[in-house]
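Asker: What follows is the residue order along each chain.
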Amino acid sequence: MSRYLKDRLATYFVFACASMSFLILLAIAIFIFKGGFPAFYEIGFFDFLFGTTWRPNQGTYGILTMIVGSLAVTAGSLILAVPLGISCAILLAEVAPYKVRQVLRPCIELLVGIPSVVYGLVGLILLVPAIRKIGGNGFSVLGASIVLMAMVLPTIISISEDAIRAVPSSYKEGALALGATHWQTIRQVLLPVARSGIGASIVLGMGRAVGETMAMIMVIGNSITFPKSPLDAARTLTGNIAVEINYASGIHESALFATGIVLFFFILFLNSVAVVVLKRGTYDQRIT
Amino acid sequence: MIRKIKRLMFPVAVMLVLVIALAGCAQSAPTTPAPPSPKPPVTTPAPTTTPAPAPPTPKPSPTPTNPSELSGTITEAGSTTVQPVAESIAAAFMSKYPGVKVVIQGGGSGVGVKSAAEGTVDIGAASRELTPEEATKVTPHVLAKDGIAIVAHKSQTVSNLTKAQVADIFTGKITKWSQIGGPDKTIHVIAREEGSGTRAAFEEMVLPKGAVITSNAILQPSNGALRTAVAGDPDAIGFLSFGYLDDTVKAFSIDGIPATVENAKKGTYPIVRPLLFLTKGEPKGIVKEFINFCLGPAGQEIVAKDYIPVN
Chain A
0 MSRYLKDRLA TYFVFACASM SFLILLAIAI FIFKGGFPAF YEIGFFDFLF
50 GTTWRPNQGT YGILTMIVGS LAVTAGSLIL AVPLGISCAI LLAEVAPYKV
100 RQVLRPCIEL LVGIPSVVYG LVGLILLVPA IRKIGGNGFS VLGASIVLMA
150 MVLPTIISIS EDAIRAVPSS YKEGALALGA THWQTIRQVL LPVARSGIGA
200 SIVLGMGRAV GETMAMIMVI GNSITFPKSP LDAARTLTGN IAVEINYASG
250 IHESALFATG IVLFFFILFL NSVAVVVLKR GTYDQRIT
Chain D
0 MIRKIKRLMF PVAVMLVLVI ALAGCAQSAP TTPAPPSPKP PVTTPAPTTT
50 PAPAPPTPKP SPTPTNPSEL SGTITEAGST TVQPVAESIA AAFMSKYPGV
100 KVVIQGGGSG VGVKSAAEGT VDIGAASREL TPEEATKVTP HVLAKDGIAI
150 VAHKSQTVSN LTKAQVADIF TGKITKWSQI GGPDKTIHVI AREEGSGTRA
200 AFEEMVLPKG AVITSNAILQ PSNGALRTAV AGDPDAIGFL SFGYLDDTVK
250 AFSIDGIPAT VENAKKGTYP IVRPLLFLTK GEPKGIVKEF INFCLGPAGQ
300 EIVAKDYIPV N
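Residue numbers (numbering that gives the first Met the number 0), protein chains in the order written: chain A, 0 to 287; chain D, 0 to 310.
In case anyone wonders, no lab produced these hints; they're calculated from the structure. Check before you lean on any hint, since a few could be wrong.
Calculated cross-link-like contacts (lysine-lysine; reagent style DSSO-like; alpha-carbon spacing at most 30 Å) [what the hints assert, rightly or not]:
#	chain 1	residue 1	chain 2	residue 2
1	A	Lys132	D	Lys184
2	D	Lys249	A	Lys132
3	D	Lys184	A	Lys33
4	D	Lys162	D	Lys172
5	D	Lys136	A	Lys132
6	A	Lys227	D	Lys279
7	A	Lys33	A	Lys98
8	D	Lys249	D	Lys162
9	A	Lys132	D	Lys264
10	D	Lys172	A	Lys33
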């Protein structure tokens, strides 16, 4: 085989592998759109999205309660995870001595590797009885938010830490030379410059939170009502699909695919926001 | 770059060999045949003197049941109520016919009906009557009868409920234990997912027509999960198959009748439903053998331990 031919073949092979990911995404999109379209057609787009009752046995399919459940749990987990995560990122990037960093970084990376069902199990055995003592029956948005916080934390920490480290050292040196304390430098120079990376980490964490299924089913109670307080049970969009897909048929099954379509667009939106936020950061740093 | 690929090839090759070897090991373990047990072939048909009020059930036909002749795999899925008794019967069947493997799964009655209708499993299990639409797709075989108990935490002071009270609690009309003679706490209703046969039978027999379980109910995906949830929450109430009753939960007596298998057999306990095995069309081959075994004396003896036999 000529060198030219080998070169060409390698290029095509690599291109084919890369296009696999695009094709898989396309296949998934086609599959769920095909499955979910009958539901939108029969139930009506607005009735489905904004209907407040989900009772398949009665023929009512409205996912507003699930949308609220997903948003509540995501918001709850971010409220808990963002301060914790950014603080930890600052610690790792600026404050911690090398030995502490050597221990902490692997721990955080381990958190990513733990399967979500294990998080759900720990939440079920430890969190649910504890929350029951505070009020309600333990299966609650609060418990789900705490579990999700643990899952979202590593994402926020590692990406934020990289963003803070990426700030050119001239900024930090300049601030210190002007007489700023370390904390003043972090708060008023490093964090603002790193804000696009930190923003992107939050958005990516949000994406993970919205997509989490297994841990949610085990801790949130799966009831089809609006959660009126953090101690109320709820149901997430992902939990809705997982709990009912095994036995759903006909329009019910199609409605679950339609829930998948809603999730698909949600994640698409969040990822696009993350990309835009990241890009803006790079331009900022190039201008100065 | 070629050098890098050549260096990677050895560890990758070792890994591939290991993976294939392990896959091969996993395959061979379950199919090592046990020595055939020295049992005489069963040729006598089941007695025809079944009690009159029992629903018509097919009598097991006399077939050559030489233990070493049958082989293959039977898959079953569906109701979690049926699951434990199906597993016991399957174990007995597999020890009698070592060449057959029976796989029992859960998932709920909805899964049982759907899988049997689609042919994804050989036998589906349901713990409720079939709807007319479902009856066109699958054939039911009544395996046993089972009562549904209303359960609460062991420490619950209330012991008896009327059927009307049960309906009102589960539809959300009664919200506090104090309204039925208990402590002043909110009742935590725990129910099953919509595809559950236990739930469907409960709604059919206890709730007034058209009423639905309150949307505040916490939904658990199986009998076992519901029992664990009720056992852990002092203010909880739920419904559970008789076969799952144990000393971690307390069962209410309904209208004065305690929730026992004897009362269900007598017909005095009001909430009793059939447990069905479903097949797509008439069963054939080893599936037919298994169902005959379940309905025959050996299977019904196992059923009688926690449920009500039909033969």
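Asker: Name the hints, by number, that the structure is in violation of.
Answerer: 3, 5, 6, 7, 9, 10
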